[in-house]
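If you're matching them up, the sequences are chains D and H in order. Residue 129 in full-length UniProt numbering sits at position 129 of the first sequence; the count goes up by one each step and never skips. Residue 106 in full-length UniProt numbering sits at position 106 of the second sequence; the count goes up by one each step and never skips.
A hint or two may mislead.
Claimed, not checked - Distance condition first, Cα-Cα at most 20 Å in a straight line; then the derived EDC-like pairs of lysine to aspartate or glutamate: (1) Lys255(H) - Asp251(D); (2) Lys131(D) - Glu182(D); (3) Lys169(D) - Glu241(D); (4) Lys395(D) - Asp331(D); (5) Lys255(H) - Glu283(D); (6) Lys49(D) - Glu84(D); (7) Lys255(H) - Asp253(D); (8) Lys49(D) - Asp28(D); (9) Lys169(D) - Glu126(D); (10) Lys49(D) - Glu95(H); (11) Lys399(D) - Glu422(D); (12) Lys278(D) - Asp220(H); (13) Lys255(H) - Asp280(D); (14) Lys173(D) - Glu241(D); (15) Lys125(D) - Asp253(D); (16) Lys124(H) - Glu137(H); (17) Lys173(D) - Asp161(D); (18) Lys300(H) - Asp253(D); (19) Lys49(D) - Glu94(H); (20) Lys112(H) - Glu130(H); (21) Lys271(H) - Asp231(H); (22) Lys213(D) - Glu92(D); (23) Lys278(D) - Glu261(H); (24) Lys213(D) - Glu238(D); (25) Lys49(D) - Asp90(H); (26) Lys125(D) - Asp158(D); (27) Lys119(H) - Glu94(H); (28) Lys188(H) - Asp153(H); (29) Lys206(D) - Glu238(D); (30) Lys418(D) - Asp331(D); (31) Lys125(D) - Asp280(D); (32) Lys157(H) - Asp273(H); (33) Lys278(D) - Asp224(H); (34) Lys255(H) - Glu422(D); (35) Lys125(D) - Glu84(D); (36) Lys127(D) - Glu98(D).
The hints are simulated quantities; they were obtained by calculation from the structure and are not laboratory data.
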Amino acid sequence: MFDSLQERLGKVFEGLSKVGTLNEKDVDNALREVRVALLEADVALPVVKQFVADLRERAVGQEVLRSVTPGQQVVKIVHDRLAEMLGGEQSEIQLRKEPPTAIMLVGLQGSGKTTTTGKIAKRLKEKQKQKVLMASLDVRRPAAQDQLRQLGWQVGVDTLDNVPGEPPKAIAKRALQKAALEGYDVVLLDTAGRLSIDQELMDEVKEVEAAAKPSETLLVADSMTGQDAVTTAQNFQEAVELTGIVLTRVDGDARGGAALSMRQVTGRPIKLIGVGEKLDALEAFHPDRIANRILGMGDVVSLVEKAQESFEEEQAQKLQKKLEKGKFDLDDLAQQFRQLQKMGGMQELMGMIPGLGKMGKQVKNAQFDEKAIGRQLAIISSMTKNERRRPEIIKASRKQRIARGSGTTVQDVNKLLKQFTEAQRMMKRVKKMGKKGLMRHGLPGMGGGGGGMPGGGMPGGGFPGGFPGGRG
Amino acid sequence: MWPKRWRKKSGQEQPGEAAAEPRSAEAAEIAEDAPSDPPPEQRDAAPAAGDVGNGKREGWLSRMRKGLSRSSGKLGDGIGAIFTKRKLDDAALEELEELLISADLGVSTAAKMTAGLAKERFDKEVDPQEVRAALAEQVAERLEPVAKPLDLDGSRKPHVVLVVGVNGSGKTTTIGKLAKQWADAGHKVHLAAGDTFRAAAVEQLQIWGQRTGAPVTARDTGADAAGLAYDALQQAQREGADVLLVDTAGRLHNKANLMAELQKIVRVLKKLDDSAPHDVLLVLDATIGQNAVQQVQTFKELVNVTGLVVTKLDGSARGGVLVALADRFGLPVHAIGVGESAEDMRPFSARAFARALVGLDPEE
Chain D
1 MFDSLQERLG KVFEGLSKVG TLNEKDVDNA LREVRVALLE ADVALPVVKQ FVADLRERAV
61 GQEVLRSVTP GQQVVKIVHD RLAEMLGGEQ SEIQLRKEPP TAIMLVGLQG SGKTTTTGKI
121 AKRLKEKQKQ KVLMASLDVR RPAAQDQLRQ LGWQVGVDTL DNVPGEPPKA IAKRALQKAA
181 LEGYDVVLLD TAGRLSIDQE LMDEVKEVEA AAKPSETLLV ADSMTGQDAV TTAQNFQEAV
241 ELTGIVLTRV DGDARGGAAL SMRQVTGRPI KLIGVGEKLD ALEAFHPDRI ANRILGMGDV
301 VSLVEKAQES FEEEQAQKLQ KKLEKGKFDL DDLAQQFRQL QKMGGMQELM GMIPGLGKMG
361 KQVKNAQFDE KAIGRQLAII SSMTKNERRR PEIIKASRKQ RIARGSGTTV QDVNKLLKQF
421 TEAQRMMKRV KKMGKKGLMR HGLPGMGGGG GGMPGGGMPG GGFPGGFPGG RG
Chain H
1 MWPKRWRKKS GQEQPGEAAA EPRSAEAAEI AEDAPSDPPP EQRDAAPAAG DVGNGKREGW
61 LSRMRKGLSR SSGKLGDGIG AIFTKRKLDD AALEELEELL ISADLGVSTA AKMTAGLAKE
121 RFDKEVDPQE VRAALAEQVA ERLEPVAKPL DLDGSRKPHV VLVVGVNGSG KTTTIGKLAK
181 QWADAGHKVH LAAGDTFRAA AVEQLQIWGQ RTGAPVTARD TGADAAGLAY DALQQAQREG
241 ADVLLVDTAG RLHNKANLMA ELQKIVRVLK KLDDSAPHDV LLVLDATIGQ NAVQQVQTFK
301 ELVNVTGLVV TKLDGSARGG VLVALADRFG LPVHAIGVGE SAEDMRPFSA RAFARALVGL
361 DPEE
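Chain H on its own, in the form it takes in the complex (with noise of 0.2 Å):
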């Protein structure tokens, strides 16, 4: 279902050329979203839908490299001074575990993992690029059986994606992308504004729509994010869409009254067609820490959080929780989010997030 570029396509990269472009293609973006804040009356005429992708079909794996590789410039130095060809005692051990909690891998399963490679080579002789790569299959391992990318099921009419998580995530920003490759890859998509409660996110999804060509159904901020959710589920069956996506509210989860209102949007959705919501992702943001797993535990235990998406993997965070969350739900990790655009939501490859973790080429 994901567009076709987003696979591979490692032939035609030009690491060098391809670290200038996106940043100039992104700027060209940026100029386009100032003035797509007019007053709505004007918002038809602006930006049409198609420039977000042009020229960035390429590079866009070396820039997710480039992201993950800023991000694990530390990790991967931190090992190259470690092991200049020693031997893996304890004290190796130790600095390496301590490199993998600075991922924010988390205590436990830093641990785990060097215990693993303890396993394999301890007090052999080892050099840096060799932990690196041996570190990297670990961390592969791991994450390969949650690499799974969004299906949508085209027999449902709409397949009903609720997007959950903690304000400023990333959940309208995700929708957004997700809409745009949607439709471009041919999905009839609908948008439910269901995030009634921030100042202007109704508007921000809206843009979306109108970049995307998708309608939006909306009410003021404010209204009831369940009667809104029911509403838009109507529209889009009435409309034969392809796929519902709907924002909700940022919340805390160790918030029992808003953690209530999704579970009622949830049973709303349910009263018109009881299979839905089909998919529940949880946003979350790759700068978080160890509260990841409060989250979804929690949105888990009471929305049923199917799958995870992860933004801002572009930023210097490395999002090693991920690993931990792995090990411990096995949730499904969608896609991820390494830059502004549409195009830079991805499908998560567990190979090349180890390998960028741990400071090594995701490509090879």
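Okay, chain D solo, but in the shape it has when bound (with noise of 0.2 Å):
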């Protein structure tokens, strides 16, 4: 329903006719864009604006690399700086030398830390076999401890058992003392949900605190939080020692700004996220996934970032002279496939660009084989360097040998010679478009690769010519 940034902004550099370093007029167009991206995507108003400050800085000035849009490079330095800011410290859950560790997990009403206690139970008996011993100081929501219980049963993993009407910190130091005296790992303290605001209820999970000095306590927040994050975060973050974050549900499709949010309030880690109801869904946190999705883009930074490792430059201009004098060759071609190969196939490259999901659905019903670039590549190498320069000889018999020598038929010869001479037709219109056309949108015959589609959108038939293995 919103608009990607990566779509905002290309609105707001489309009138962009010089492209060379991004000026500060640019830079304050699309950092409102950046803002509004932000907004919508939950992230807090005043983590908002002290990020479009910060990015201010590093934006103006920068180059604009020759083969992507400004706009591109935009969202590349939002995305990394977002990324920066959620990820520094990267870290999972910190284990005492001496056992018992307790860690604690609080968090509002329905954010998720039953499951999520259960989840981490699981979690470091099988990964980390510690004998794990899991309390619900539970006391107010009808069958917590219920629950509890039973997911202790499905994660095999023991549950201290209940005595009706005891205080949370009762429970808490009782949990303790079984787990010095029979040996357990870890213990799991499930506080109930509690409103940040109120303090009766603070008070209460700062005594448990007191009590059970827990080495980890964890934040339990729903990735779907808005604008409240913020109060929450420094509510629970003032009233006791958080270690850490887990975001839930970020199954669902949140933008999940409340990361950041949370991440800059209170400057611990996001250290695990819940991906699932079942209870092995629970997963370190890449900063680099959610710095997408608060986007709310495809992965167009990991494409500018293919695009750098793989386009180099001198490549492109040794083909952009070959095109100049209307010379395509299959040595060409064969390094088209092998830069598409490098980043990565169609259906992942269809993926990153925004907006063409969906097209990214298509390629997958029509069964692109990503194995034919492979075969492809190997049909060219079994020619003789003549033959790739002048494909025109490629006769009968040479036709044959080629197949044998490439394990394949001389159909599937055909094909690539045919494929050949329609990306060689489609390399002339290309010609005409000129240099420009050429760097901005990415080599043709390769789904416009390096942003953009050739002549802004893809041709009617499907993909040139030049791109092979197509079924469909």
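Grab the two chains, each in its own frame, and use the hints to assemble them into the complex.
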């Protein structure tokens, strides 16, 4: 429903003809869009403001890479900064050298504490071979203690038996006592959900903290949280010594701006994310992925990165020179195939281009065979230098030899040659578009890898002829 | 259909005293919750319905005010800081827009509202109180058409209410509270423990059943929810219940298979009563941000949501996304949750909500 930042920036930079460095005016315009995009992703306002101010400094004067549009460039800058701020000290749960380690989970009602407790128990038990005890300190929500007990059965972890009427602090103490006596490595304390502005209940959680002295206190927060993320995080941070954040329901489609808000406000790392209802759906946090989500885009960033890596400028220039002379041979085609392989297959590529997610699906449906690229390369490698430079000399007997050499059939060789002729025709068209067209739109026949499709969209009949392996 | 005590009773309220009152009443309930979790055979002895409401009739409004004003305090203060009698210029409007954004109204709704304000008062000298009132008016205007309590249709035996939402939004608690209120108002309530996925969700609803005296149709965790809903409706029909509240497992709206399961529940209910479910309530957590829009859209599309319930409005979240939702979908907001006890489920008042949102006394 929201325009992705990429689309917004596309509009901002539409009228921009000369591309060199990002000047202040462009950056300001772009940042206005960045601000809106972040707010729509539920990043809290104070965090957005700070972020945008910081970004401005970084962006002004940056040189725009030739193979990407200024819009993409800005997205990349935004993304990198986001990921940087979300990341920092990448850390998992820290266990004490001398057991038992107490881990306390706190958060609002319905944020997913109990489920997360069960997931962490499973993770510690299975991945780190810890003996885990879980205790529910939730004496408020009906059946909350039942819930934890049942989760305990499911993951094969012990839960502390509950004594009716026992206050949370006493439960915590009893859990630690039991752990010490019976040799548990970790005690997970699942607290009741509470409003961060409920002083009485925040005092209660402080008491539990004082009694249990947990080495980890994790704030469990819903990734769908809106602007309130700041208040909640702040209040919990003030009440207890948070050591990390667990973000839940990341498998939903919320943009997850709360992650940035809470990370900023608490200064604590996001340690784990919940990505599903199953008890093993708990993962380490990847700043990159959340950054992408917040920006609501396909993976433009890695596209830009990949473009930087694999488009060696020199090669592109060489090709361009050849094109200017109207020459495009099978060596060049092979070069393109390799490029394509390097950049990740077509599907991945389509997924990375914002707005083309749908097309990515179509590609999937059309069953583009990634292996086909390898076969095409094999065919070309089975040709002599001469044949590659002058494909027109390839007649029947040569075809048979090439097919044998590459483990394909003559039909395959024919298909490749046909594709080549089409690619050549495309190249001539591109030549008319001129230098800028080539550099800005990426190499033709590659599905517009460098950003944007040639001629501003997919040619009606599918991919330009140079693309191998289409079965549809 | 709502109990009388939901209605305004301003006269008797002493804000100061009321502020102290609910906390202790709640504490009483907490104390009561603890023993409410004994082994099943003892459950019958668990809380007698009725204690829950005692001593709390006064003060709900001030509770809500307290809750909402705690949450909107910042917004109110913010406005105070912007306008100490100054001109409503572009800069002021921008700050105002930001304040609305930080109440989760969303960028475009916030822009619309400030634009509305600008049209009337641009470049005029305004004071904070005036700006607040004007904003509240705008918000209330947008929300007024959606503030409709949930009316039970007495001709239906039973009136079937399906309750849906993402995980953790407060479905089971909402059902418990509604059941309590309807039972207290003399309706014969039946409950269906349709959350057969989450551990102990069934038990949670059963406890509410005991509190309210409503029979609960339940199966073990892991059972087929649609089959259970069918049985529950059959049973409710047989017993001549007035209302059947069907709980469902929380599900993220972007999970196609889980949404299909929900559609199946609807289909199955229709086999017994083709007008059922008569109401489909989507429960939203007030802390939710702009994702609420996608949630409403998807749930509405797939299971024809007829109304919203907003929970946890007594927290620091302001639920401003409601304004955007009203604009976009126009779905009735049937009730809001402003506390933990059954009494704290209230009919939604557009004006009170709007005034509290901008830091004004919801009562005036």
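List in ascending order the numbers of the hints, as given earlier, that are violated by the structure. When the structure is compared with the hints, numbers 9, 15, 34, 35 turn out to be violated.
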